[in-house]
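Peer 1: Those sequence lines, one after another, are chains Y and H.
Its first residue numbered 1, the first sequence is counted upward by one per residue in the working numbering.
Its first residue numbered 1, the second sequence is counted upward by one per residue in the working numbering.
Hints listed in this document are in silico derivations from the structure and should not be mistaken for laboratory results.
As the structure is a prediction and not an experimental result, all values here were calculated from the model.
Warning: the hint list may mix true and false statements.
As the list claims (entries may be wrong) - Facing chain H, a subset of chain Y residues (Cβ under 10 Å, in silico): (1) Ile2; (2) Ile8; (3) Val26; (4) Ser31; (5) Asp33; (6) Ser61; (7) Trp63; (8) Arg71; (9) Arg75; (10) Gln100; (11) Pro193; (12) Ile239; (13) Gly328.
As the list claims (entries may be wrong) - Pairs of lysine-lysine residues, derived as PhoX-like cross-links and limited to a Cα-Cα distance of at most 25 Å, are as follows: (14) Y/Lys230 - H/Lys5; (15) Y/Lys89 - H/Lys230; (16) Y/Lys95 - H/Lys76; (17) Y/Lys77 - H/Lys297; (18) H/Lys230 - H/Lys89; (19) H/Lys77 - Y/Lys95; (20) Y/Lys327 - H/Lys230; (21) H/Lys76 - Y/Lys309.
Claimed, not checked - Computed footprint of chain H on chain Y; a stretch qualifies when at least three of its residues, placed anywhere within it, have a C-beta under 8 Å from a C-beta of chain H: (22) 81-88; (23) 104-113; (24) 224-238; (25) 307-314.
Ideal Cβ placement from N, Cα and C applies to all residues, glycine included.
Now for the letters of each chain:
There are 2 protein chains.
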Amino acid sequence: MIDYKLHIPGPVNVSEETYHAMCTPVMGHRSTDFVDLYQSCQPNLQKLFQTKDPVFLSTSSAWGVMEGALRNLCRKKVLCCMCGAFSDKWIDVAKRAGLQADPLQVEWGQHIDPDDLKTQLASGDYDVVTLVHNETSCGMMNPLKEIMDVLREFPDVISIIDTVSSFSVVPIPKDDWGIDVILTGSQKALAMPPGLALFTVSARAFQRAEQTEGRGYYFDFLEFRSNHAKGMTPSTPVIPLIHALNYTLNKIFSEGVENRHQRHSRLNQLVHKWAEGHGFELLPQQQFASKSLTCLKNNLHIDLAGFVKTLRESKKIAIDGGYGKIKGKTFRVSNMGDETDKSIGHLLSSMDEVLEQFLPA
Amino acid sequence: MIDYKLHIPGPVNVSEETYHAMCTPVMGHRSTDFVDLYQSCQPNLQKLFQTKDPVFLSTSSAWGVMEGALRNLCRKKVLCCMCGAFSDKWIDVAKRAGLQADPLQVEWGQHIDPDDLKTQLASGDYDVVTLVHNETSCGMMNPLKEIMDVLREFPDVISIIDTVSSFSVVPIPKDDWGIDVILTGSQKALAMPPGLALFTVSARAFQRAEQTEGRGYYFDFLEFRSNHAKGMTPSTPVIPLIHALNYTLNKIFSEGVENRHQRHSRLNQLVHKWAEGHGFELLPQQQFASKSLTCLKNNLHIDLAGFVKTLRESKKIAIDGGYGKIKGKTFRVSNMGDETDKSIGHLLSSMDEVLEQFLPA
Chain Y
1 MIDYKLHIPG PVNVSEETYH AMCTPVMGHR STDFVDLYQS CQPNLQKLFQ TKDPVFLSTS
61 SAWGVMEGAL RNLCRKKVLC CMCGAFSDKW IDVAKRAGLQ ADPLQVEWGQ HIDPDDLKTQ
121 LASGDYDVVT LVHNETSCGM MNPLKEIMDV LREFPDVISI IDTVSSFSVV PIPKDDWGID
181 VILTGSQKAL AMPPGLALFT VSARAFQRAE QTEGRGYYFD FLEFRSNHAK GMTPSTPVIP
241 LIHALNYTLN KIFSEGVENR HQRHSRLNQL VHKWAEGHGF ELLPQQQFAS KSLTCLKNNL
301 HIDLAGFVKT LRESKKIAID GGYGKIKGKT FRVSNMGDET DKSIGHLLSS MDEVLEQFLP
361 A
Chain H
1 MIDYKLHIPG PVNVSEETYH AMCTPVMGHR STDFVDLYQS CQPNLQKLFQ TKDPVFLSTS
61 SAWGVMEGAL RNLCRKKVLC CMCGAFSDKW IDVAKRAGLQ ADPLQVEWGQ HIDPDDLKTQ
121 LASGDYDVVT LVHNETSCGM MNPLKEIMDV LREFPDVISI IDTVSSFSVV PIPKDDWGID
181 VILTGSQKAL AMPPGLALFT VSARAFQRAE QTEGRGYYFD FLEFRSNHAK GMTPSTPVIP
241 LIHALNYTLN KIFSEGVENR HQRHSRLNQL VHKWAEGHGF ELLPQQQFAS KSLTCLKNNL
301 HIDLAGFVKT LRESKKIAID GGYGKIKGKT FRVSNMGDET DKSIGHLLSS MDEVLEQFLP
361 A
């Protein structure tokens with residue numbers, strides 16, 4: 001049993017109210033009671049995804065949908081925009097699914113340049129692009145609007161955008177920007193436990209899927225669509241997380257989406273100011289820094305593992321000591337979910353106190 | 001919010017203690033706290049699966065693993081044993097995954113005959129066989145021991161056995177019988193909410209997977225194996241259900257597995273006796289009747305939809321009015337999970353009272 005609060009970049013802290021909602025009794029997933037639950041989530045989901053397209057619920061992590069989307073949509077070749085651990089991995093997943101894939105690679109912490117994307121797409125080789133909007137491993141948020149401006153110039157290219165750690169943190173006007181597929185997960189800014197992925201698919205992406213062989217069953221977009229029409233999911237869904245989702249959506253709209261975005265932005269700035277005050281540098285350039293989490297370089301050369309461990313043990317707060325090849329060289333602090341000025345204030349003052357022990361005397 | 005108790009054949013009723021376990025706080029899935037949770041489940045899982053092979057946890061419904069297993073293991077052609085809604089569907093899933101597949105089809109409610117299987121396998125055409133041990137749609141349990149006796153004669157044929165609604169109800173000695181892959185789900189006899197699939201893979205099935213292209217990522221058996229070695233899952237797992245699993249396993253071994261099997265058998269017999277007393281006939285032959293649920297023909301020609309509805313509304317008990325093409329012609333009553341002599345007694349006396357209104361005067 002853990003006795004510390006999560007400020008790692010997912011899973012984040014889950015409220016007691018969310019756990020309580022998860023314990024609403026399960027029902028048969030082909031019953032009218034399930035249809036009621038599913039359909040009561042849908043209008044709020046569409047508002048939150050800023051789309052008229054249906055929003056689907058997948059019992060999986062986001063990776064399932066990231067792989068499934070490629071099997072549904074790629075007939076020629078996928079261009080994978082790569083700028084961190086998760087976007088780098090996507091090209092590997094594409095190849096394992098037997099697909100042709102090329103990289104558009106930048107250094108971890110750098111953003112994808114819309115002009116580079118345009119140049120590579122001009123080859124005409126690609127029918128799908130994958131992009132991780134917010135690279136959680138680097139705390140870097142790609143310039144999605146400018147990237148979508150480029151993608152709209154290529155009407156045969158389908159866009160699959162991973163918004164796992166940016167969804168509900170910043171506005172992502174799906175329909176206005178012409179995004180084809182947006183996918184996200186339950187355990188980041190939505191502040192639910194992991195186990196549920198959410199995604200939405202444009203009409204032209206459905207047209208592509210209709211012509212694609214080997215989509216399989218579990219992640220078949222057309223199965224999701226036909227079951228959605230009945231208020232159901234293709235396979236037995238993770239009902240407790242759908243109860244939690246219903247609760248979470250109501251909470252989000254009771255706060256107001258704009259207020260939610262502003263709160264995340266404000267709390268993120270508090271972490272930035274803390275970093276600046278101590279002389280820690282951001283990994284990404286300031287203008288591409290994530291609003292969901294802060295990824296800081298260990299430019300003060302502190303014993304990072306010791307700092308993270310002491311914070312967890314003495315202050316009961318978990319932050320992250322870096323991911324993959326930048327583990328130990330960076331650390332990450334999440335402000336996603338239900339955080340408040342007070343809770344982030346407590347986090348930062350706790351970090352202050354512990355940091356003192358790790359700075360040169 | 002539902003106000004009735006589930007006696008449908010899954011999801012079944014979930015206890016308050018299980019919900020409570022689900023609310024144990026989530027942790028990072030790459031943390032030592034998660035590794036502790038994962039590894040504390042493993043010995044009990046291996047005992048319950050009667051295997052020395054690792055037992056994997058998939059954040060999906062069983063269908064994900066049913067499709068994934070085929071992508072991992074079929075290089076030539078799969079023979080799908082078909083005897084009800086779920087086993088019939090498996091061949092369709094195989095074809096959608098781009099695989100060659102043939103049916104070994106019997107009528108719904110009939111069992112798969114080991115001799116027929118032997119004849120078809122003797123062609124040498126197949127490298128994988130799929131079998132649903134307990135066809136939930138028909139309440140029919142296949143003679144798995146005799147089927148495995150046949151399969152062991154074909155060392156190049158890998159067996160994938162769906163035990164979704166028989167797992168932990170009857171003994172299935174995986175290693176002794178030489179089963180390659182067993183898979184099950186959380187929401188049947190394990191009496192947890194849906195969202196977690198469990199499966200185990202033999203050494204020779206791993207050898208096959210190592211040689212198979214296009215396994216993908218999300219259900220790649222080799223990914224499960226390499227992460228298992230670290231006490232982790234390939235992708236972010238549905239942590240609340242793993243907490244619930246840990247609780248459930250301890251409860252199962254505190255009752256004793258043999259006692260659990262006997263309890264399911266005894267409670268199942270109570271339902272059979274109730275049926276006999278009213279003149280309802282079993283859909284399957286008596287010797288192939290499931291121990292998990294009872295599927296009865298509507299040979300008394302009652303208003304089945306009315307009976308099911310009245311039972312739910314007046315007695316707050318949900319049973320099932322038939323699945324797929326036998327909806328309305330059959331009804332199903334589950335005795336899976338945490339049921340007791342007392343709870344099944346209450347179910348049957350409630351059914352007695354309601355049935356009176358539906359019998360001819």
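Peer 1: Could you work out which of the previously given hints the structure breaks and list their numbers from low to high?
Peer 2: 9, 10, 13, 17, 18, 21, 22, 23 and 25
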